[in-house]
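Protein chains: 4
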Amino acid sequence: MIGIGVIGYGYWGPNLVRNFAQVDGAGVVAVCDGRQERLGVVNKLYPAVNTYTDAGAMLADPAVDAVVIATPVSTHYPLAKQALLAGKHVFVEKPFTATSAEGEELIALADERELTLMVDHTFIYTSAVRKIHELVSAGELGKLYYYDSVRVNLGLFQSDVSVMWDLAVHDLSIMDYLLDCDPVTVSATGVAHVPGQPENMAYLTCMFPDNLIAHFHVNWLAPVKVRQTLLCGSEKMVVFDDVDMSEKVKVYDKGVILDEAEEAVYQRHVGYRTGDMWAPRLDNVEALAIETQHFVDCIISGDTPLSDGRAGLRVVRILEAAHESMARRGLPIEILPMRGSV
Amino acid sequence: MIGIGVIGYGYWGPNLVRNFAQVDGAGVVAVCDGRQERLGVVNKLYPAVNTYTDAGAMLADPAVDAVVIATPVSTHYPLAKQALLAGKHVFVEKPFTATSAEGEELIALADERELTLMVDHTFIYTSAVRKIHELVSAGELGKLYYYDSVRVNLGLFQSDVSVMWDLAVHDLSIMDYLLDCDPVTVSATGVAHVPGQPENMAYLTCMFPDNLIAHFHVNWLAPVKVRQTLLCGSEKMVVFDDVDMSEKVKVYDKGVILDEAEEAVYQRHVGYRTGDMWAPRLDNVEALAIETQHFVDCIISGDTPLSDGRAGLRVVRILEAAHESMARRGLPIEILPMRGSV
Amino acid sequence: MIGIGVIGYGYWGPNLVRNFAQVDGAGVVAVCDGRQERLGVVNKLYPAVNTYTDAGAMLADPAVDAVVIATPVSTHYPLAKQALLAGKHVFVEKPFTATSAEGEELIALADERELTLMVDHTFIYTSAVRKIHELVSAGELGKLYYYDSVRVNLGLFQSDVSVMWDLAVHDLSIMDYLLDCDPVTVSATGVAHVPGQPENMAYLTCMFPDNLIAHFHVNWLAPVKVRQTLLCGSEKMVVFDDVDMSEKVKVYDKGVILDEAEEAVYQRHVGYRTGDMWAPRLDNVEALAIETQHFVDCIISGDTPLSDGRAGLRVVRILEAAHESMARRGLPIEILPMRGSV
Amino acid sequence: MIGIGVIGYGYWGPNLVRNFAQVDGAGVVAVCDGRQERLGVVNKLYPAVNTYTDAGAMLADPAVDAVVIATPVSTHYPLAKQALLAGKHVFVEKPFTATSAEGEELIALADERELTLMVDHTFIYTSAVRKIHELVSAGELGKLYYYDSVRVNLGLFQSDVSVMWDLAVHDLSIMDYLLDCDPVTVSATGVAHVPGQPENMAYLTCMFPDNLIAHFHVNWLAPVKVRQTLLCGSEKMVVFDDVDMSEKVKVYDKGVILDEAEEAVYQRHVGYRTGDMWAPRLDNVEALAIETQHFVDCIISGDTPLSDGRAGLRVVRILEAAHESMARRGLPIEILPMRGSV
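Protein chains in written order, with the working numbering: chain X, 1 to 342; chain P, 1 to 342; chain L, 1 to 342; chain U, 1 to 342.
If you're looking for bench data, these hints aren't it; they were derived computationally from the structure. Be a bit skeptical, because a hint or two may be false.
[Stated by the list, open to error] Pulled a few chain P residues facing chain X out of the computed Cβ check, cut under 8 Å:
{"id": "1", "residue": "Tyr203"}
{"id": "2", "residue": "Thr205"}
{"id": "3", "residue": "Ala222"}
{"id": "4", "residue": "Pro223"}
{"id": "5", "residue": "Val239"}
Even for Gly, the Cβ is constructed at its ideal location relative to N, Cα and C.
Using the sequences and the accompanying hints, generate a full structural model.
Set out below in structure tokens:
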């Protein structure tokens, strides 16, 4: 049985503990958090789990085989490095690291020590994204034209990172998985409405070869939660609305229409959509249950996780480029492709 | 009674004729269209209206006091100029003109001849936009932070103009009316997925003084019709969803939240919105009915229309700047303010 | 060309005039309304149409071949009888007549004189209902289990008829068309919240052979407009939401599920739906355009209209039975089947 | 600390255990379930909790102060009786009991022994229902006219009870709480589409004094999950849509409209609603967390729970009457009021 130690029991930690506690082949043996009152919650719910206020102490616990890091992004690199050096497998929250250099070092370290390194790109384990991936992989959408995503939130400010590192990271991880190719340039515009705080809204554009474009609107300062992605191709178009409980994924059976007949033009002016729509039923499985099981399975089998360190690094590179573009008034920044290189 | 002559009986012309036919103080006396079969439709519905295939002939008709131009944008300038020179008042479809130089010339001509010149910015006459204008004018939203608009359509391609001139013109006219100030810079990115055709999707950003930002996503190539605008301020936020039949305008009673308490953070993570929401009831009045009446009233009173030539010109200038930015990979283009100058 | 004369230019009359004006093979030649100001509207819009304040005078007009009756239900029978006796074809608003005896007499009269008699069951000519009819006729839904309909309105009171005669008539006409069979019993409960006024809300139940049940909730006193119908069978289920602009008809590919496995039970508890959903694209054609053309075509060909007097009578019979049941505290009232009898 | 013992660890039991584990002043000390594999799940998640396959053995455990019964309804009475006789407080799933006689006996027994007896009417502890209760209690809705509820589910069949006992129990408990008065008559119609199975869909009507009517549509056999309640009064109307994540409760600021002006009639025909709408923000608190805390608090303070045995009994009486009405073709069954009697 793989012993899991979780560092960080704040907002997301409890979900990780609950899920790892139910994974086959593993169990949660330790939780670490600097705040004593958070450990009190753990003790009440899981009296059999060891609690630590110091990460180093937890890493010294021989019952811990793998470490789950659910702390602020600035601490991912030192904690993950320490864990890898202690011979532990690592599962780290997104964004993977604060810089691509940090990410590269962790990947090299894990490779060298043959340890499993996985980034918590939760969304790619959801039923919705897996279903869309199935459609894209099978070529059902035809030639891809654009990816457009809106993720706006309820005025939740975080003072340590900008909205891009907080929210766009989700969409970039989904895009990375679905498009399975690297952008050529990245540009971004953002605004900080609160003096001295990081950007609270941003627009980010990725250009890919062959006129494929991806655009992201991320925003902390909105009255409603919106999570909508359009993925459109020459044959079919997909709308992914993560706030819609019953029809998260809608597939429209028409791509671009070039027919110019007068009647058709009129119909489209007054119409609300083209073609039939199909909304596949999705499983009600918690993504985190699948993902935590996948991590444990990869540790046991030695397989590479779907969201490995390299996936995490690809996303961090785009975020870095976007950050640079934002500082240069939206100048497109070139990005070196990772896929296909040795 | 003001005699109205309509040039162009294609998609929008019939709506104009139907509305002008019901305006107090005016009547439709003539319709002009090069296509004989379109005039046949007019003859069946309105046997008392004179029909012309030639605009010059219609302009010579002394019963025509005002001319409504509902033809492709490239013809707006020559037709409007001809009409003004013939001493007719002019109501012209949006976008006002194909270039700002054309627009300036028409404004000067109308001023000189003391003729009413109005641009069909229909949306600013809707109950929804008027209600939002009321809120903004009264200062209810507080300091404005951003304007974000998505207008995506059902794969309707037009070969003469790009999606920006076709769709963004609506949103820019709404923004011009609601924000009542001029942007400092404009940048835009667009993609043409069909070789040899104009851009079929574009993202446009306007920066205003004091960190106010406006962003537009316009797209011909989408599976669903989306018309959603967010207008957010420090005190309140507005969502305008023009596809929602019963709740087009929603007003959220909270602005940005800066409270960082742990529980509040958790609530916003799991919550779907902050604060109460209020959806004012809107009148069921056709915007075009109000707008056509306004045109006739302005002719009679000599008042300046809400959407006069200058409003049309401000929108054309933004479109021109966006076009230039798009050709220069998103470079922000400065724009000279029209308001407040002499 | 068939000359159409319209009696009644209130709420619905203008729609009828506009549509009959565009029908092939016909034209509106006369409009009759007791209110002079309504005729003034007609004169402004359609200067070529003759206007009458007296129905008898209009019936004497030899240019009138067919009469369209858009007046309160109590006047349907005398006006339609007068028109048929004058040798005119008749198109009458729903409900067909105030009593089944009146309806029977009109049917006999039209049969005898070989005149076309049609009831304005507009909904069965909509794209949505025609699409559902197509599915039901093809047997795609399997054995039908139930029809459930909710039609609630915005507090609009009519003092002459109860909500059942005003609203349920729509749903009964749709049900009559889709199920294509007659109920065995009808029961109803209604409440009048305003003393001295007719019932403003009612629940109506029709039992058919073989456990097929239909239920209707009609209500004038609601905050929102709801128009939702469920039609469920053993193989597929249909949701028809007439307020939804883009997905009026949704077809779910599963019927009743009898599988009792624990996991399946859990999934359905937490799930939002079973099976895939398909939303067919519907034409953007005005139902009234199709229906008015159908009336004129039937006059010319001598064919029986889809919504002939017998369809109108079947609906009136159900309304009569419901009215009786309502007076007897919901007692189920038997109804004599019309279909299959000679 | 109050020791909690839970009987039944099927669908709902895990939620009860998780919530009671976090209640102040209490802890889960024992879980009982006949199925060994269910106890295995408990042992993995909560190693410190004692597990039993026999209820009698658990009741003998002195650490158990209160018993939570989450088993099929037919077992509620014997288990609750056994627990009360053993001196344990009781929290029992809804419906309270299979007959009103059973419920009366349990109430008497708890009264006699001064034990807390509470029924799990979860919905009345939700933020949404509490907010509506606040509005109703404050008289904001004016005179109440009707309560209309639709609860339809995803084809989940249960062979032991009919849909009424399974689903209507939720709505009846909400209605009992919100209206705070007893119906005079109950009538119901139901259909069993599967031979040998209980009714899978039913319509239930409660008549109250002074023309207040409540109607319920419950259905296991539907393609989509619907949970919508209308509560309308003379001054305001409420729509409670439990499937809507962001606007569960909408309050419309108009009651019934009796104004008969022609223009108003037209507006309401074409309009989508009357008056402004207000959607109060609701707390994101799990109802079960509040409810389980309330049970423990009542044990400690000796207060009567909001959903005590009497509330449970009132609901069971309506279900019994509905059952009888259903067997008698919808005959209205009189019901003796519980409130205000001694």
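For this session: Check each numbered hint from earlier against the structure, then list the numbers of those it violates in ascending order.
Result: none
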